[in-house]
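There are 2 protein chains.
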Amino acid sequence: MPGALNITPRILMGPGPSNVDPRVLQAMALPTIGHLDPDFIRIMEEIKTMLREVMQTTNELTIPVSGPGSAGMEAAICNMVEPGDRCIVCVNGVFGGRMADVCGRYGGEVVTVTAPWGQPIDPQDVRKAIGSKGAKIVGIIHAETSTGVLQPLEEISRIAHDAGALLIMDCVTSLGGHPVMTDEWQVDVAYSGTQKCLSIPPGLAPISFSPAAMSALESRKSKVANWFLDMTFVKAYWGQERTYHHTAPINALYGFHEGLRLILEEGLHNRWARHKANHEMLVAGLKCMGLSILPKPEYRLWSLNAVSILDGADDMTVRKRLLSDYNIEVGGGLGDLKGKIWRVGLMGCSSTPTNVRFFLEALRTILG
Amino acid sequence: MPGALNITPRILMGPGPSNVDPRVLQAMALPTIGHLDPDFIRIMEEIKTMLREVMQTTNELTIPVSGPGSAGMEAAICNMVEPGDRCIVCVNGVFGGRMADVCGRYGGEVVTVTAPWGQPIDPQDVRKAIGSKGAKIVGIIHAETSTGVLQPLEEISRIAHDAGALLIMDCVTSLGGHPVMTDEWQVDVAYSGTQKCLSIPPGLAPISFSPAAMSALESRKSKVANWFLDMTFVKAYWGQERTYHHTAPINALYGFHEGLRLILEEGLHNRWARHKANHEMLVAGLKCMGLSILPKPEYRLWSLNAVSILDGADDMTVRKRLLSDYNIEVGGGLGDLKGKIWRVGLMGCSSTPTNVRFFLEALRTILG
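If you're matching them up, the sequences are chains A and B in order.
Quick note: the first sequence uses the numbering used here, first residue 1, plus one each step.
Quick note: the second sequence uses the numbering used here, first residue 1, plus one each step.
Read the hints as simulated data drawn from the structure, not as lab findings.
One should not assume that every hint holds.
Identical copies carry no separate label here, and so any pair may be met within one copy or between two of them.
Claimed, not checked - 30 Å max Cα-Cα, derived DSSO-like pairs, lysine-lysine:
#1 Lys-338 <-> Lys-223
#2 Lys-235 <-> Lys-338
#3 Lys-136 <-> Lys-48
#4 Lys-320 <-> Lys-48
#5 Lys-287 <-> Lys-320
#6 Lys-136 <-> Lys-221
#7 Lys-235 <-> Lys-223
#8 Lys-48 <-> Lys-235
#9 Lys-320 <-> Lys-235
#10 Lys-235 <-> Lys-221
#11 Lys-338 <-> Lys-320
#12 Lys-223 <-> Lys-133
#13 Lys-340 <-> Lys-235
#14 Lys-340 <-> Lys-320
Extracted from the complex, chain A is given alone in its bound form (with noise of 0.2 Å):
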């Protein structure tokens, strides 16, 4: 039989998970309840209020989805998509890509609106590739993770709205990091992952959907093909009539609970400007040692930033250096980007100038 868990610790920068405060890993500790016992309910209320805090949205339903942030995609997908719905996705990274195929598993007419992997999308694009024929979703990623770029929203979401279209916003790299203001951007579904700016260990998608989406919802013609993610279930389970559907992961909800109520203690402000901070700390440090970022300034996010690789240095060589002698972990490129860039986070917790200046230390002595 296996030995007990020896976990080393380490100082996590890559794409996430992001470090986590002993604060809410203690939380987890907690002795297992009930999901019916009427503490843990209350506990769900506390949950559904300070998310619409951290989400700005006064949307009734939101919540977390019991499963990580892919899981919280596929809700949004699964719910608002039927058979033979026409689908605008943008995709300008692996995420858009992925948010694309889902689209298409449940039926959607899938239309793609691309942009080069280190750029944002084009609103005209959007408005071009919705045409005459409409749309019943627009979907894009507001934090490309696979390429650090930052896409703003305003202009699509008029533009989808517009043309009677529904907005799925995937926030999962920038929620608790960057500004996502779900309502005031109106945004119709958003979802994103607790292991990123959050700072709680992986494994909970935060969800919100609009009045508008649930309209959408309540009118489809077909049934939800996802039992486990359909919301017509989980919005009576989450709400006041506390209808059985599954076992939600109670000590996973704990840490939730101690992680939101961190985010709030240092408030959404000071931990946006924090982010901001710490990132423009990172590519001074790299620019003095002539690395640069791959997406341009005005479109580079805070928390994940895409360095690009000199001539010369192995990728990987230099993330196991990182790993083995600082207990650093950063993340290589995925797809086309694969041993073009390093993912270099800075997330929730792990965004700190200490982190910064002893990453930049390294990263120095290790490139000679």
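Since the structure of chain A is provided, determine the placement of chain B on it from the hints.
Just chain B, lined up with the frame of chain A:
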């Protein structure tokens, strides 16, 4: 902002979750590391090895799905059922009914085989339902949590395989408490949950696919509609390829690792014997109070006891007093059995002689 969590520990004797050993809770509080960290990859390997032992199988693809037990059911069905496939689903309680619903959502042509709630399925009824048309799958609940019925499986397995069908078994409430012989019974897909007899917090779904099930997956005509649970990807994530799919719930898997170690330390046979002995002690005590168990003795679960409520006793009043005066959680009946039974769980860490004695004493006092 809500205050920090302050959890009242309970004696969990409902249909799940069951009580969790402090070693499992402490493992969940270990520092989060990356899901591609070499240390985490070793943990994944150890989990697969231990889980095969617990599920009594040599199936290569034996892993915890990153969602609760209901995601396990969804994973089993969405991968095995294609539109138009004939599905024989055995329904003698809530969870069989759910399985039929899920099969239909993925396009299966569902034929149900029923038995009254509280009774097992008759193998000859399965044979008749398969009939001359055959079937792609036969789905059955080994331990029906809504009625406390243990379903004998060997004859039904023979009937299913003689007809060339795959056998899908729900062992959510039996795994770790009753013998679950995945290979010996020739089960093709077995899935469970963690929060019952494994005594690990809810949020993961152990699942195992036989070589025949893997062949069926590989020879599908259509993509799996559910991207998140598509085993083509999940297999590559948990396999030697380590192809990125989603981010595994790191800390939940720490707890899972420790929970499996506890089970193997105790020994499966010892654990089964403990569940049987405590069940028998409970039944004897209830008998002295004039209370009986819904299923016949030969079909009774050791892990979940469906106790018939005597005329004159009020279901909710009794359960509320058990919780408020004794910190004991038991479950109520579902569907047609609402108000007619209590569901008294003796699962994993909750299955102890002390709990049985304390519960009997509490119930005796409340019933007067």
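Hint check:
no., hint, verdict
1, Lys-338 <-> Lys-223, "between (40 Å within a copy, 27 Å between copies)"
2, Lys-235 <-> Lys-338, "between (40 Å within a copy, 22 Å between copies)"
3, Lys-136 <-> Lys-48, "within (28 Å within a copy, 42 Å between copies)"
4, Lys-320 <-> Lys-48, "between (40 Å within a copy, 26 Å between copies)"
5, Lys-287 <-> Lys-320, "within (23 Å within a copy, 65 Å between copies)"
6, Lys-136 <-> Lys-221, "both (14 Å within a copy, 27 Å between copies)"
7, Lys-235 <-> Lys-223, "both (15 Å within a copy, 28 Å between copies)"
8, Lys-48 <-> Lys-235, "within (12 Å within a copy, 34 Å between copies)"
9, Lys-320 <-> Lys-235, "between (44 Å within a copy, 25 Å between copies)"
10, Lys-235 <-> Lys-221, "within (19 Å within a copy, 34 Å between copies)"
11, Lys-338 <-> Lys-320, "within (15 Å within a copy, 58 Å between copies)"
12, Lys-223 <-> Lys-133, "both (25 Å within a copy, 27 Å between copies)"
13, Lys-340 <-> Lys-235, "between (43 Å within a copy, 27 Å between copies)"
14, Lys-340 <-> Lys-320, "within (16 Å within a copy, 61 Å between copies)"
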